[in-house]
Amino acid sequence: MVSYRPEHFDSNDTQTLWGSVVELYHYRFLLRNLVIRDLKVRYKNSLLGVIWSLLNPLLMMMVYTVLFTILIPDETIQNYPVFILVALIPWQMHTGALNASVHAITGSAPIIKKVYFPRILLPTATVLASLVNFLLASLVLLVLLFVFGVGISIHALWIPLILLTQIVFMLGLGYLLAALQTFYRDTAMILEVGLLAWFFLTPIFYPFERFGTQAEVWGIVFNPARLMRWVNPMASIVDGYRTVLWGNVGGNGPAAMDPLALLRTFITAVLIFIIGYAVFSRSEHLFGEKL
Amino acid sequence: MRYVTIYGFRASYQFPERGQAVCLYQRKAAIRDGNVHQIFSRRKGPKQPKESLWAVRGVSFDVLPGQCFGIVGRNGSGKSTILKLMARILRPNNGRIVINGRVSALLELGAGFHPDLTGRENIFLNAALLGFDEASTRAYYDRIVEFSELEEFIDMPVKHYSSGMYMRLGFSVAIHMQPDILIVDEILAVGDQAFQTKCINAIMAMKDQGVTIIIVSHNINLVRTLCTHILWIDKGIPKRMDRWMRLLQNMWRMHTNSSRVSLFQRPLHAQAPGKSRLPAPAF
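Chains as they are written, first to last, in the working numbering: chain A, 1 to 291; chain B, 1 to 283.
Keep in mind that the hints were calculated from the coordinates and are not lab data.
Computed spacing ranges between beta-carbons, pair by pair: (1) B:Gly76 <-> A:Leu291: 17 to 23 Å; (2) A:Val21 <-> B:Asn94: 24 to 30 Å; (3) B:Glu134 <-> A:Val21: 17 to 23 Å; (4) A:Thr16 <-> B:Glu134: 23 to 29 Å; (5) B:Asn75 <-> A:Phe200: 52 to 58 Å; (6) A:Asn45 <-> B:Asp192: 28 to 34 Å; (7) B:Gly76 <-> A:Leu135: 46 to 52 Å; (8) A:Val147 <-> B:Ser136: 45 to 51 Å; (9) A:Leu291 <-> B:Gln196: 27 to 33 Å; (10) B:Gln178 <-> A:Trp18: 23 to 29 Å; (11) B:Asn94 <-> A:Ser46: 48 to 54 Å; (12) B:Asn75 <-> A:His285: 21 to 27 Å.
The calculated lysine-lysine pairs, modelled on BS3-like cross-linking and capped at a C-alpha distance of 30 Å, are: (13) A:Lys113 <-> A:Lys290; (14) A:Lys44 <-> B:Lys159; (15) A:Lys290 <-> B:Lys235; (16) A:Lys113 <-> B:Lys159; (17) A:Lys44 <-> A:Lys113.
Note that the Cβ used here is the ideal one computed from N, Cα and C, for glycine as well.
With these hints in hand, go ahead and build the complete structure from the sequences.
Next up, the structure:
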């Protein structure tokens, strides 16, 4: 058991957690380059380039706004564009990160078969790239908040914590998906359907309050709102962003969020992260053979 | 399992000298549907097919600092597997590999180049992949470009490069890594004749600087010129470990019917075998 030394390799050594952290630090230049590559490649050969990061959520927002304020109007929600954008941007980061992470290993087969570097950098870089996109898209949201007179309240200080929770959650899922996809290419197919279902199960184009408090399926009575809080971390995360930036249905603008709810979500995210990391680091050495 | 020790010594596996690589491993591959697969897992379980063959078996050698170690053998004999094991891309099923020193493995040139990025961007990406930090990449950047002779094309996406230019850029990045141990896999057939000579000279210069070199090549003359030690493997098993002359003689005898390799051809750069008399490198 030795910690990481870049200039010494013994195949019998098992890598400690601390050792891999030190190794990751050693490769930070690579991580930065991978993130830059992801961002550069995404907008290469497009006319508007990085503006698409801002334009895409804006256009999506317009689609939802037309649908839910003109075609199917919902009178209970004020400032619908803000309402939808506040949830849409984090969701787009989520889907962007997962869709990229699932191919992070299989898409980099030529590198993995020829060069040694900590493999975990690949899914990490894809998640960080979508985080950069998220930050760019947030500029649109920021402008919109002031245009609609919602503004920024003191409650927005919750955002770094919610964002941290979401990043930990996305990293964990990203590691898990990237490793699974290497062994079973079905993962990406399942993810495609899974993300669509997940989108509908997450309060994005409808408020969280739409979940009832009582439902019955096959004689089992349960509380849909509580169930969502428990099994769908994204529901809590998206609702968190919305509460601190837009508010609640029937409320007066941004409100504080429940610290305990955030803590519960954070613990779930950390658990997912640990599972994802464990699966990834245990199967990492097989990637060279499987690809 | 057969152990072979070059020069009759066994290495101390615990603390090899800097620049020393010690290998002691086996690698298993499995036959299924007539194709060769490498075994999925080292654990014994239902997934392990019954029929299996060892991709590399009973290979054991030490490479001491400053040595140039050549691995030769026919196609599919396990040469590249050995290099991949040393480069940490594969993990041995059993046995042990100890390497002390900074390794630079040239298993493929330009691995990780992105076609849409320019030469300049790819130099930084590739250097980072090979373990360089930012400061050294910047410090070596000019030399890398100069060596590749691609100054005019450096801001062009590499998808517009010819395959020779692509390889040249890859080689230039890799050769400036300042490793203690250089692992080279049959990549010296790079570009035109002039650039090939330049590459071989660069490797020679590294050898003169005391860099340990491990090389796989089918070019007998190159192996003859470069290597101080040779491992000959066949079907994953070391055939004979000997001083290079004896080995080449054996190889020649063995393959005299199947290949046109002649030992009596004049070696590259027309020089006496065994000693490097190539001109001093240009870089």
